[in-house]
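**Student:** Generate coordinates for the entire structure from the input sequences, incorporating the hints supplied.
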Amino acid sequence: MTAVLEATDLGKRYRRKWALSDCTLSIPQGHVVGLVGPNGSGKSTLLNLAAGLLAPSAGRLDVLGGTPARDATAVGRVGFVAQELPAYSAFSVRDHLRLGAHLNPRWDAELAKDRIEDLGLDPSQRAGKLSGGQRAQLALTLAIAKRPELLLLDEPVASLDPLARREFLQILMETVADQEVSIVLSSHLVSDIERVCDYLIVLIDSRVQLAGDVDDLVSSHHRLIGSRRDPAGYPANQEVIDASHTDRQSSLIVRSHGPVLEDAWTIEPVSLEDLVLAYMARGKHPRSGDHFDGEVMA
Amino acid sequence: MIEFYLDQKSGVTPYLQLVQQVRRAVKLGLLLDGDQLPTVKDVVGKIAINPNTVSKAYRELEHQGLVVARTGVGTFVAIAPSDGPPATLRPLRRDLERWIARARDAGLDDEGIEALFIESFRDASSVVAP
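Residue numbers (the numbering used here), protein chains in the order written: chain S, 1 to 298; chain U, 1 to 130.
For the record, the hints were derived by calculation from the structure and aren't laboratory data.
Any given hint could be a false lead.
Unchecked claim - Where chain U lies over chain S, by a calculated footprint (3+ residues, C-beta under 8 Å):
| # | region |
| --- | --- |
| 1 | 36-46 |
| 2 | 171-178 |
| 3 | 181-195 |
Unchecked claim - In silico lysine-lysine, DSS-like type, Cα no more than 25 Å apart, as pairs:
| # | chain 1 | residue 1 | chain 2 | residue 2 |
| --- | --- | --- | --- | --- |
| 4 | S | K113 | U | K46 |
| 5 | U | K56 | U | K9 |
| 6 | S | K113 | U | K41 |
| 7 | U | K56 | U | K27 |
| 8 | S | K113 | S | K129 |
To be verified - Among the chain S residues that face chain U by a calculated CB cut under 7 Å, a handful are:
| # | residue |
| --- | --- |
| 9 | V32 |
| 10 | R166 |
| 11 | D198 |
| 12 | S271 |
Just so you know, these numbers come straight off a predicted model, no measurement behind them.
No residue lacks a Cβ here, since even glycine has one placed at the ideal position from N, Cα and C.
**Tutor:** Structure (structure tokens):
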């Protein structure tokens with residue numbers, strides 16, 4: 001599996017505080033990768049480092065075989081849509097396209113023009129007057145017209161209404177169908193991730209908790225429900241990710257390394273959302289995934 | 001042509017949902033032998049889903065022998081008559097519609113009708129195929 005992004009012990013420090021530390025991960029080529037994790041897990045810092053907007057304080061980062069903050073040719077092949085959807089508010093849509101053409105050697109002027117037309121944006125409109133959805137579409141158009149090999153999006157749809165969000169994702173997915181581009185998308189919206197991503201990375205405190213093909217992850221995890229028992233009674237050959245208990249019942253989310261052999265458990269599928277939540281809970285209480293009536297078992 | 005949709009509350013992965021929708025449409029006679037499935041790009045543009053997911057679903061349907069992919073042309077339904085709906089589908093549906101009307105007259109609401117149907121279906125199925 002070829003990697004478009006490879007981080008090894010990567011760290012970024014602001015004065016004395018580390019926003020990202022000892023982060024080691026690999027992002028495969030040709031996928032739409034969903035990056036999820038709680039606020040402060042280092043997602044945005046990682047994406048800004050990958051886009052070359054920040055320089056690492058420690059470790060190594062390879063993006064498309066180059067080092068982002070140093071290597072201009074690698075950066076030219078990376079598109080980035082930042083969280084705050086930056087646009088020059090006094091510049092018109094047309095000005096933005098001109099700027100894009102001027103700054104990017106691989107600029108696809110025709111694609112940019114067609115996109116703006118399809119979106120029904122007025123080229124003479126100032127960016128500051130656009131709606132949130134239109135601004136997001138403009139930012140995406142600028143990033144796509146760059147013809148990137150790797151497109152990074154940092155919570156691009158967080159501020160959009162449901163319709164604008166859907167339109168944004170439609171265009172993003174059409175781009176994937178048309179161009180050979182790898183995508184990394186950070187988001188809190190697991191339902192969006194489930195729709196558009198085929199690869200998932202759960203990042204907590206700079207550490208990868210879970211990574212893999214979405215369908216493989218969903219099919220290798222199960223929910224087991226049975227009469228209440230302590231960890232000694234958990235089924236063998238199942239890795240327990242999360243466990244919760246009531247007076248009578250134990251409910252486990254497990255990663256299966258083999259079939260569940262005991263009939264004492266009812267086996268149910270786990271949704272991607274529950275899966276992500278289970279790993280996030282485990283990342284928060286790394287010593288034990290056990291909750292008794294909502295309390296963490298020491 | 002089939003129009004795909006995604007039910008995000010179903011807990012079924014998007015890939016399986018697409019496969020099931022085609023299988024269901026074939027069973028109901030909504031898709032016939034020779035019908036074309038929408039192109040990957042059309043599906044993607046309509047329901048904002050990962051193109052790899054659509055391709056994967058189409059490959060699975062091909063593997064199941066329900067469709068054939070013709071390079072550069074598209075993906076087409078390819079089924080033997082026995083895979084399609086039985087000739088009696090229409091009267092069966094009419095009976096079912098009558099039954100639903102009767103259930104409603106008897107005072108059952110949608111939830112009650114669904115529960116009764118599923119319960120009876122399970123009972124009957126477990127007798128036929130243990």
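**Student:** Could you run down the list of hints and mark each one as holding or not?
**Tutor:** Here is what the structure says about each hint:
Residues of the region 36-46 of chain S lying with their CB closer than 8 Å to a CB of chain U number 0, which falls below the three-residue condition for coverage. A count of 6 residues in the region 171-178 of chain S with a Cβ less than 8 Å from any Cβ of chain U is obtained; the coverage claim is therefore met, three being the minimum. By the rule of at least three residues with a Cβ nearer than 8 Å to a Cβ of chain U, the coverage given for the region 181-195 of chain S holds, with 3 such residues. Between S:K113 and U:K46 the CA atoms are separated by roughly 22 Å; this keeps the pair inside 25 Å, and the hint holds.
Our distance criterion of 25 Å between C-alpha atoms is met by U:K56 and U:K9, whose separation comes to about 21 Å. Note on S:K113 and U:K41: the hinted pairing holds, with a Cα-Cα distance of about 20 Å set against a maximum of 25 Å. Only pairs whose Cα atoms come within 25 Å are accepted, and U:K56 paired with U:K27 is accepted, the gap being roughly 21 Å. Restraint check: the Cα-Cα separation between S:K113 and S:K129 comes to about 19 Å, which is no more than 25 Å; the hinted pair holds.
Annotation: interface hint on S:V32 holds; nearest CB of chain U at approximately 5 Å, less than 7 Å. A least Cβ separation of about 6 Å between S:R166 and chain U falls short of the 7 Å threshold, and the interface hint therefore holds. This hint holds: S:D198 has a C-beta 5 Å from the nearest C-beta of chain U, less than the 7 Å allowed. Taking 7 Å as the C-beta cut-off, the interface hint given for S:S271 holds, the closest approach to chain U being about 5 Å.
Hint 1 from the earlier list is the only one contradicted by this structure; the remaining hints agree with it.
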